[in-house]
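**Student:** Got two chains here, separate frames each, mind docking them using the hints?
Which chain is which? The protein sequence lines are G and B, in order. Positions in the first sequence are counted from 1; adding 80 to them yields our numbering. Positions in the second sequence are counted from 1; adding 22 to them yields our numbering.
There could be a bad hint or two in this list.
Stated by the list, open to error - Here are the simulated lysine-lysine pairs, DSBU-like style, with alpha carbons at most 30 Å apart:
hint, chain 1, residue 1, chain 2, residue 2
1, G, K180, G, K196
2, B, K30, G, K314
3, G, K228, B, K30
4, G, K314, G, K231
5, B, K30, G, K231
6, B, K204, G, K84
7, G, K314, G, K228
8, G, K279, B, K278
9, G, K279, G, K196
Simulated from the structure, these hints should not be mistaken for laboratory data.
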Amino acid sequence: MPHKTFLFFIWPSLLAMILFIALPIGSVAYQSLFIEHEKILIEAKNCGPFGCTSQVSVDAEAMARLRAEQPAGRFNGLGTYTNPTHLATDEIADIVATSKNFGEIRSRIMNLPFYKALIFTLAYTFIVTPLVIILGFIIAVVVNSVPKLLKGPVIFFSLLPMLVTPLVGSLVLFWMIDSRGIIGAMLQSLFNDPTLSLKASPTLTWLTLFTYGVWHSAPFAFVVFYAGLQTVPKDTLESAMVDGASRWERVRFVTIPYLAPLATFIALMQLMDNFRVFEPIIGFSAAASATSLSYLIYNDLRAAESPLFGSAAATSMLTIIGVIILLLPVLRRNWREFNRKT
Amino acid sequence: MSDLANRKPLPLALLSAVFVLCWLVIAAFPFLWTMWGSFKVEGDFFSRADWMNAITGPVTERQYGSPFTLAGYEGAWVQQEFWRAVVNTAIVTVFVVLISLTLGTLGGYALARSGFRYTFWLLMAALVFRAMPHVTLVSGYLLPFFQLNVWGYLPTTIIVLVAINQPFTLWMLHSFFLSIPKDLDEAAMVDGCTRFQAFRLAIIPVMWPGVVTTGLFSFLLAYNDFTVTSMLLSQENATMIPKINSFLGSTQEEGKVMYAVAAVVSAIVPLFVLILFFQRQIVSGLTAGAVKG
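Pulled out of the complex, with its shape left as it was, chain B reads as follows (with noise of 0.2 Å):
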């Protein structure tokens, strides 16, 4: 197509450049005004007298000599805590990714290469399963628990997790599978390899691009979860979203709510990061389910 007769008129042009910068505020500043209010004090970020002190910091400075403070910071992660829940958000989110891309590449590569009818029917089952409010299966797990005594640890967390994920990951994994050519694992059998070595020496080498991708929205799950962290871990325990909220149920009368937007500050920066260096692989993930099936 030739760029000549597909250039815009230029209020078209300009009004969808205004488009794009507006979408971009929205999506973005919410989070860099949050990062930038949590080096401030109460005072300053919750600003009586002009919003225009969560920028410029007048009540920071006249505490600590300086517009910027790690107060928020020093607070939630050294009096309250925090480190302790990141540690356990990442002992969480390690296994839970290890565990479920472990049995989701199994059972994925199973259903690509099963041609029988009971394959749909496991999907159909995995989709109702994926669409069930994680809250009501854990109003089922509660109970059973607490009389098996195997509430509040982190494996028990980290088992219940990996389930969880378990329909989102074999659907991903199997259509990523789909697309690997068959020819490649018969081949590999016609020679004489059993279907699991076929498996390893044949599928494993190639299959990583749709692991890492998975893994991906595996650990967001892990690391973004509420719900069943939440209910299912002791106080000790807890990973940091459920630290989080328990953190506005405490702090909030004491004037210290900025030990919450510290440590919501500090749960976010790992996901820039990540974002940051797995943009591509979490679009296509995205767009994975959609364009295949």
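This is chain G alone, in the form it adopts within the complex (with noise of 0.2 Å):
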């Protein structure tokens, strides 16, 4: 195809993509150097009859001003990277230098906002991911031997958790498990604490997490999975069994090297969504508890005053990296193959 029709082709969509895509991110970018205007204060003098008092108040007039004139805010540098709620660089420093073992170190290091919700973050990715690879492909050979007439039952049921947006399905859970409802009521008469809440410690609510992201995302890795079981070649499972393979062993030495191309597709989508988990934090609220880099931004931007564009922009920049980083292998991979190819 020759380059023009090409263009012809792609336009509209690559238009798309860079005005809303590419572009935002260089405005991140450049926000992202910038904090927002110092409040310009006036002091009025009041006198009245028992003398004068003076006050101070915000020039609102001013203030407007100054914003449309200069509505990303003033030049900082990187200096909002740099600061308490972000990289912390200074505190990092002397906490490093004041602590004196390790554990005191982490403990510190996880009171500073952007450091909590950096760990949660890659928690969340690198223990969510392998348990949803892990019970989908459970679930996949499991349905894939039970009779037939069940399957599409247990299908249709299991898409449910999925596609169901991740706000309302926390929802779901976040209700259940108030201490009120069914599962939060069950876990107290089970332990027998009545006092028991899965809401007030903080392990108990990363738990939470842990789990909602395992069932939400679980049904995903199933329904690949028992795709690719299907395709599984019958006469190396025959040969195998000829050569006399228990089941197990059938299993361990046809199935899941046939099937390993699939769980690193699994591991690459996972990876993606589970890096950005957010809404989650908010249907079972436990932003006190857990927050996560998107969690971050969110909150920036919906500061009850004005949105902090600056903070929230130096985050998403932070984030950005981040997932470059984690993409990084399989860019490399792809590259490798398609040179191959050509």
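**Tutor:** Encoded structure:
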């Protein structure tokens, strides 16, 4: 296809992606170098019968003028990146210098908002992803062996947790684990502890979010593996049987190697999706004990008075760098494959 | 393979039956439970006394004279004007699906038929774009949109959702068009068609299965989106999911959590119907990326 025809076909979608994905990334990079204007204060003398008092207030008019002139705020260089709510370089240096042991360093770093969110995001990504793959695989193998009549309904109901939006799905679970909800009440009677609440401790909240993540994504892995199982070559399975392989050995030495590429695909999709975990935190009202990078950005943009564009943009840039690091191995592999093909 | 040789020992068969049942309960029970509970009052659905109350509904019966009530739905749909959000969602999803499929088929077709090196780079860029957390992009939009005075309107959100959806649509349709033999449109071009005529006359008639599948996923993205819609739409233009979230802020204190429950169920039911009719397409769409690339 000549370049001109190619361009003719692709320009609308290319334009959409450049305007609304590439440019915003540039805009984020630009905004992250700026910070909100300082408040312009005016002092007004207020003289009454009991003497004069002076009152300091924000000059709204001057502020509005300044905002109109420089909407992004004032230039701050990389200041936002290193401040205490982001990379907190000074605080880290201080913590490392003054802490006695590793445990103290760790717990003090966990109090810095950015690192708290980063650690949760990474923990979520790297705990949920493997569990999803394992659980999805087990479900697929078992469902593949049940009578045909059951398969349709099982797939139907399995799709639900995945297709329902994370906010709604997490709300549904959140209401059930409420101490007055069915799961919450059952756990209380199970452990014989009427004060037990999954929302109270950070550890339990983390576990709840991980469980939710696995529940939400396992169906995806299940469906992909299930489709893969239909294509496992029957001949190989049969010759394995002739050679005396047991049921488990057939799964271990025929099915798993055959499905390994699918596992890579699921892992890639899951890494991308889990890294942006955000809605469950809102659904479970878990922000007090678990925040993610995406949640930090959302929170900055939702700040009570006016959105903290600079701060949100700096977190966004750091998140984008994280995504690229995450994808680097995949991109390298694709590049090698592409070169081999051409 | 003979069935006899493949027959399972009884304990293993039992074990797998139990496992499948467990998984079914885990996957489906929360939704069925919430649907059932949405017809109760808060005192039953969040019962302090006994969880069985959520099934039998004694408090609901005392208040409304029957164990089922539509009070939650009435509160959400009429009092809190949830119907407005439903209309907005309908507008957004219809336009997002139509526009992203139009752009996506053209682009995906071009990517599938052009053999140049830059198609690889475009696809890789699309992959990176697909991985971008949406909220980072939103933080890039907000300030320019405030400046241009386009914040809060449905068309803005529709265009943004289309653009966010493009990388996925391109990948999916690209791999679908690769599976349509090249000879088809090349034969049309030998017969004197231009590239676009070949696309219109030879490809469009056979592309519908792939387009329907991709369309389903575009629909799901637009329908389920929370990040973009909650940040880019004003209160009165809100779609369903941000509306549900705003219920939580405003209604949790007043003991009106049942409004949110009813709204959540209202948002789930269309998905139920969707899966019922399009299960096969959804499954094939989920696996398309895996099997082909």
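**Student:** Please name the hints from earlier in the document that this structure breaks, with their numbers sorted from lowest to highest.
**Tutor:** Failing hints: none at all.
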